[in-house]
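Undergrad: These are the residues of each chain, in order.
Number of protein chains: 4
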Amino acid sequence: MDFAPSPRALALQEPLRRFMQDLVLPSHGDWLRWADAGAYPLDVIEPLKAQARAAGLWNLFLPELRADEPGTRLANGDYAPLAELMGRVPWASEVFNCSAPDTGNMELLHRFATPAQRQRWLLPLLEGRMRSCFAMSEPDVASSDPTNLGTRIVREGDAYVLNGRKWFTTGAAHPHCRLAIVMGVSNAAPDAPAHQRHSLLLVPMDAPGVQVVRNIPVMAHQAIEGHCEIVFQGVRVSADHLLGGEGEGFAMAQARLGPGRVHHAMRTIGQCELALELMAERALERMAFGKHLSDFTNVQDWIAWSRVEIDQARLLVLHAAWRMDVEGNAAARTEVSAIKLVTAQLQTRVLDRAMQVFGAAGLTPDTPLASLWSWGRALRFMDGPDEVHLRAIARQELVRSRAHRGENVLHLRRWMPPEGGIDG
Amino acid sequence: MDFAPSPRALALQEPLRRFMQDLVLPSHGDWLRWADAGAYPLDVIEPLKAQARAAGLWNLFLPELRADEPGTRLANGDYAPLAELMGRVPWASEVFNCSAPDTGNMELLHRFATPAQRQRWLLPLLEGRMRSCFAMSEPDVASSDPTNLGTRIVREGDAYVLNGRKWFTTGAAHPHCRLAIVMGVSNAAPDAPAHQRHSLLLVPMDAPGVQVVRNIPVMAHQAIEGHCEIVFQGVRVSADHLLGGEGEGFAMAQARLGPGRVHHAMRTIGQCELALELMAERALERMAFGKHLSDFTNVQDWIAWSRVEIDQARLLVLHAAWRMDVEGNAAARTEVSAIKLVTAQLQTRVLDRAMQVFGAAGLTPDTPLASLWSWGRALRFMDGPDEVHLRAIARQELVRSRAHRGENVLHLRRWMPPEGGIDG
Amino acid sequence: MDFAPSPRALALQEPLRRFMQDLVLPSHGDWLRWADAGAYPLDVIEPLKAQARAAGLWNLFLPELRADEPGTRLANGDYAPLAELMGRVPWASEVFNCSAPDTGNMELLHRFATPAQRQRWLLPLLEGRMRSCFAMSEPDVASSDPTNLGTRIVREGDAYVLNGRKWFTTGAAHPHCRLAIVMGVSNAAPDAPAHQRHSLLLVPMDAPGVQVVRNIPVMAHQAIEGHCEIVFQGVRVSADHLLGGEGEGFAMAQARLGPGRVHHAMRTIGQCELALELMAERALERMAFGKHLSDFTNVQDWIAWSRVEIDQARLLVLHAAWRMDVEGNAAARTEVSAIKLVTAQLQTRVLDRAMQVFGAAGLTPDTPLASLWSWGRALRFMDGPDEVHLRAIARQELVRSRAHRGENVLHLRRWMPPEGGIDG
Amino acid sequence: MDFAPSPRALALQEPLRRFMQDLVLPSHGDWLRWADAGAYPLDVIEPLKAQARAAGLWNLFLPELRADEPGTRLANGDYAPLAELMGRVPWASEVFNCSAPDTGNMELLHRFATPAQRQRWLLPLLEGRMRSCFAMSEPDVASSDPTNLGTRIVREGDAYVLNGRKWFTTGAAHPHCRLAIVMGVSNAAPDAPAHQRHSLLLVPMDAPGVQVVRNIPVMAHQAIEGHCEIVFQGVRVSADHLLGGEGEGFAMAQARLGPGRVHHAMRTIGQCELALELMAERALERMAFGKHLSDFTNVQDWIAWSRVEIDQARLLVLHAAWRMDVEGNAAARTEVSAIKLVTAQLQTRVLDRAMQVFGAAGLTPDTPLASLWSWGRALRFMDGPDEVHLRAIARQELVRSRAHRGENVLHLRRWMPPEGGIDG
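Chains as they are written, first to last, in our numbering: chain A, 9 to 432; chain B, 9 to 432; chain C, 9 to 432; chain D, 9 to 432.
The set of hints was computed from the structure by calculation and includes no laboratory data. Glycine included, C-beta positions come from ideal geometry on N, C-alpha and C. Honestly, I wouldn't trust all of these hints.
Stated by the list, open to error - Short, incomplete list of chain D residues facing chain C, as computed with Cβ under 7 Å:
#1 10
#2 14
#3 416
#4 417
What the hints assert, rightly or not - Quick look at which bits of chain B chain C covers, simulated, 3 or more residues with Cβ under 8 Å:
#5 112 to 124
#6 213 to 226
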């Protein structure tokens, strides 16, 4: 149970920290102004991407790569602390070509793409020359149970025809988005096994019939890269656009989830650390009723609990990452549910405290707190609602309990009649 | 950051687990009946102690020992998982000669005793031939701030004279308790530095003037080993009963705290694990409104949160133990405050859920839950109230904040007039 | 919605308050010493009862009485503030002949007893010459669903024969307890309607076959009046011991519940007020780190939240009592579930805060806090676990929702295409 | 303690409910489209205002009015349930000329304006022909302590000159806003009593030197009526623009607060009721894992707790309103702090649960939940942060405690030596 990053990974932390501080953060104001004006800040991002790649801070997330694929080949436990650093600025991951959903898509393509698919989609993604999205959730069903999905992928001769409506498709509004990986049902036969009905289709964003109908404001955030509602109406692509085999969509999507949730969790922890730092600094500066806020015990309690909760959450994530690296993604499934659950709930809790220390200023866009807090509420649905993860963790615990049934019976001290006394 | 126990420690886990299951647990009913009748269950304990020592499960807690001192010499991180196992039965630690407050007292004596003191007190303790107590808290002052203590240790010729009233002195009612280590003020001069006023005195329990005035029920638990109120009235001992030097009492007591809190925290986690196991098993068995309790989502939520919170707390404790082992007890002081705080609050939370699953049965002594839960409330004061630890953690965070003041200024996005726009 | 007590009830508040302060409270120490020694404090109680009756503070809880039945005939809303005052001392209700479970039993007998039953049981109860218990919960089933009960009441010729095991039968250990009202199944025919299977039997405690097998410690409280486990083994009583008709047991028991829960809730609020008062006073006295505890904002927060939560809970109870008085017990069923739920959870919350302010002293029997807090945990099961009441409240809300389905559809702002814009 | 509305007020509830349902709600989509486009929806509002006034639903909030002032003259307790109904649609209050901050401003002018001021400002406000704002909070100080304010009102000959920067000035961006009531320091003499330094100035929005520098997005809400930052730079108005006397500003502003907080609290409760209704309806409709959400006990718990908490909060507000009506605004000051605190925290709690039941849809603008929830966070600062109100409530409780010091001493059961036993 060794959570320490490898020396190579450790050696990347300080350069990344400095890159964030010296290059990313000073561009933050520009980025925000572009985004507020509704324009994707390519002029901010692209030069930084070039600098990051030159500095060896590129594709930090993929443990395994082919020789011709650029990247650092770090283990999940190695990448985690780097993701935490990136998480401090909402748009920073893109600079290092580490942003969702491309990370998961690259992983999928890396593992399952044909050579031609790899050439067409994976290499440009790894080079940062295009972006992509992943279309799974649908507005009309509880998508946390994928067996509900209504989107259809039907083979017609040498082609697949796609029909369906997706939403919360992140990244679809990015000006460089070229590819949607779409999950749909390709076999709705009543006797088809529930988890072997789905396929994944590689759909060019410019294919006829693909229509981004709106960029959904999420918690009033109009994300510049988009959380989009997309209609796929009679989209026809040649059969070589299928990723993997028919019916393998669900299994492939599962494989994609573990690492992505670690990234997400660590970025979230990065947000929490930032909020704690801002809260502490504000508490030292601001006065009320003749004292610094940092002298009030309620404020001290908020600071202390934030520190403790963040530390606990980080250890939990590092433990899950370590387990994935040692035993494989599947072995850590429950742990991954746990980190998803914990970090999402942690975020609004810590942010809420920080806002309270900032007073009314915390409500304004003059600090990142209001924006992060309300975004944090969405985290409790991203990658599955809390309830799905609680259910998974409980079921795992009940399985364990069944396997050990009766072992604790001696702890249940049944009352016994007086003749069972000491002198008996 | 490698939390894994050493191979040697790992090799002790299964034997200890089996010892608990095969020997300790089957004696639990007897132990309880003796204790309920107000008699210390020596007939239960002493044979088990002999067996434990024979099995090499003896003095598992002290990292360093002299050649003639029996024990396993495990690091804190090695001992922690063993303490968790012991924590499942409230009285089990004594079987392995690992029970508080003797552990801390042995550590103190190991580090600071003169050869004669060592011979008289330490070796019998290490052999399990006697027990001891540590008298610090006082009823009349907020003892979390030791500068308040009223007990006086005064040099008179070749002797020390001790006067004061202590309470919550654990273990003083044990029939084998021979020694009280008493903290008192030996230098009340107004200009004496606050933390150099205290001394530690080794007081035989049978010294004239030592009176155990009551065994305080704590949360209605009449502990058989006692949480006692003791009056020391004109107790006179020869000068060689002083431990260390005059004025060093506070510093020595501090040194004693770290490992003890790790032990305590891990035993507490052991209680939580037990409660979770009982809760899951009960949920699988009991029916209400036509379903098993384990099928209700609220019960599932309790189980899942308990799992996640326990796992987080355990990692935090292991991390603190690891840090103590690598960097020393002092370096981990804030971490130790954090684990004290977290595990104490965790306990009542998990126990509360388990009780709710057990229904009215959870209120009775037919399960260990009611007893553990109300004892858990006391944990929030043992080794310092929550507030003292929150304060310590917050202060540490504020120190860090002061050192980094200004680094986050670019995150505070001050509003700018329109001319600062995109095209500007 | 007028919650003010009637002038007559208002006029009783000050005399009761004074009686509590001048007569009950000074006897509290005696009462506790007797109880701790395991003897029912009749010498304390009986003289006080005589004084209370002489002062007109007797049977304050029954809204309606016959001419020959002693009591004040106060409405529920009138009695509620008086119950709050009584709740400040755990045993005080008995002094005013207002203690559970006799209150509910008297109400049952008042409404359903035959003249002979009334003579034999009700009048002695109203006179305070005997006490009684109510046996419903059973150890082997989730008794919150009474259809599960296993106790059988079988007609044999001119007699009923009773067999079953009950527990948590409060008051059965009182030296004056003469009567158990026992709920059992008298018609287990598979086609009998679920809520018409039960009957209530009036069982003299000295009937052959009645065995109090233990007085169950509840949360380690060994209640002197008993929360008992009772075996009824072949208990045979003549047919005139049936209360009401066969199959009416469930309905009668329901009728009994409403007022009793109001009494209970208000007594609980009395405990909370006491805890808040003690907490505030302690905070003003005790110093830590150079300041009074009352100057720390975290302590202030505990005090303020306790005030606010108590006030809210009291209003909720008064509202439920008012509704019972105006619309009848049945109309207020959901409100009664709500007050049961709210006050039980409030108690441990407020008590917990008070204990924290008292420091280690709060763990001892030197204050009532430890005892009240752990008792408070039991409140979450007494009169039904939280979950049963949450379920009842939710179902009521869902019924309401079904009745109004669709009324809020215009609040759901479906996204509309751009052509639906302002100028459109 | 009679909370029931007067018959006259009761008679207004159904017409108002119907007005909301039949006229306001159907216009909601239009209102939102205008507002999203950045235009104040006058075309929606103004016709509704005319209809409301014609229906006698106009100025429902002012208990006392002169003969020539239009309105219903309802008590606070009478108006409260009407405010709850209005609260269901964020912009509805304006339709009935009951929207903040005009309500408070009208109350101020009603009580303190000269006849000329009344003519110029009050009557147009009462007629709904103009709107107004109230400028108190400042960006550079913790404005919860008004003694900190930096804005200066200086007498120069026959005029007052105003300098300062205010923010969170609600309503300043409304196209009909004509008046700002500005609080500033008019007497900064070091020996001036802290609460007699402030004055209120009536400042026409078109006076030279008044500049609305930005409409601050609050929790990402770009309110169409504005929460504005305003610079007052050398604004000069004739001396008859002073409201009341010099130095009376603080006292007048205090007087303004009580009723406004009741309105606010009840509107907030209206939002909570709406959220609960939507949550229940969604739970009845939506399926997951083969069941309706309403069949899951965790969802049931959310519904039940929301019902109970809303009911408690409403009773608390009605009680405060009743007390204001009977004993005057000043007597209810602590109660008003309590309702401010409770309802603001209730809102995010209930809304959070509702969002969770809606799944990802709850994050979108397709329901009002996301918008209400994030707005709810701001409620914890509007009219003072939680901490200021907690402090006020605690201080009041401590005052009460001091007055009753010692009364509970007999509850503190000091341990006594054995000779104090039963037979003693």
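Undergrad: Does each hint fit the structure? Answer for all of them.
TA: Status of the hints after comparison with the structure:
{"no.": "1", "hint": "10", "verdict": "4 Å, holds"}
{"no.": "2", "hint": "14", "verdict": "12 Å, violated"}
{"no.": "3", "hint": "416", "verdict": "6 Å, holds"}
{"no.": "4", "hint": "417", "verdict": "9 Å, violated"}
{"no.": "5", "hint": "112 to 124", "verdict": "violated (count 0)"}
{"no.": "6", "hint": "213 to 226", "verdict": "holds (count 3)"}
In summary, the numbered hints that this structure violates are 2, 4, 5.
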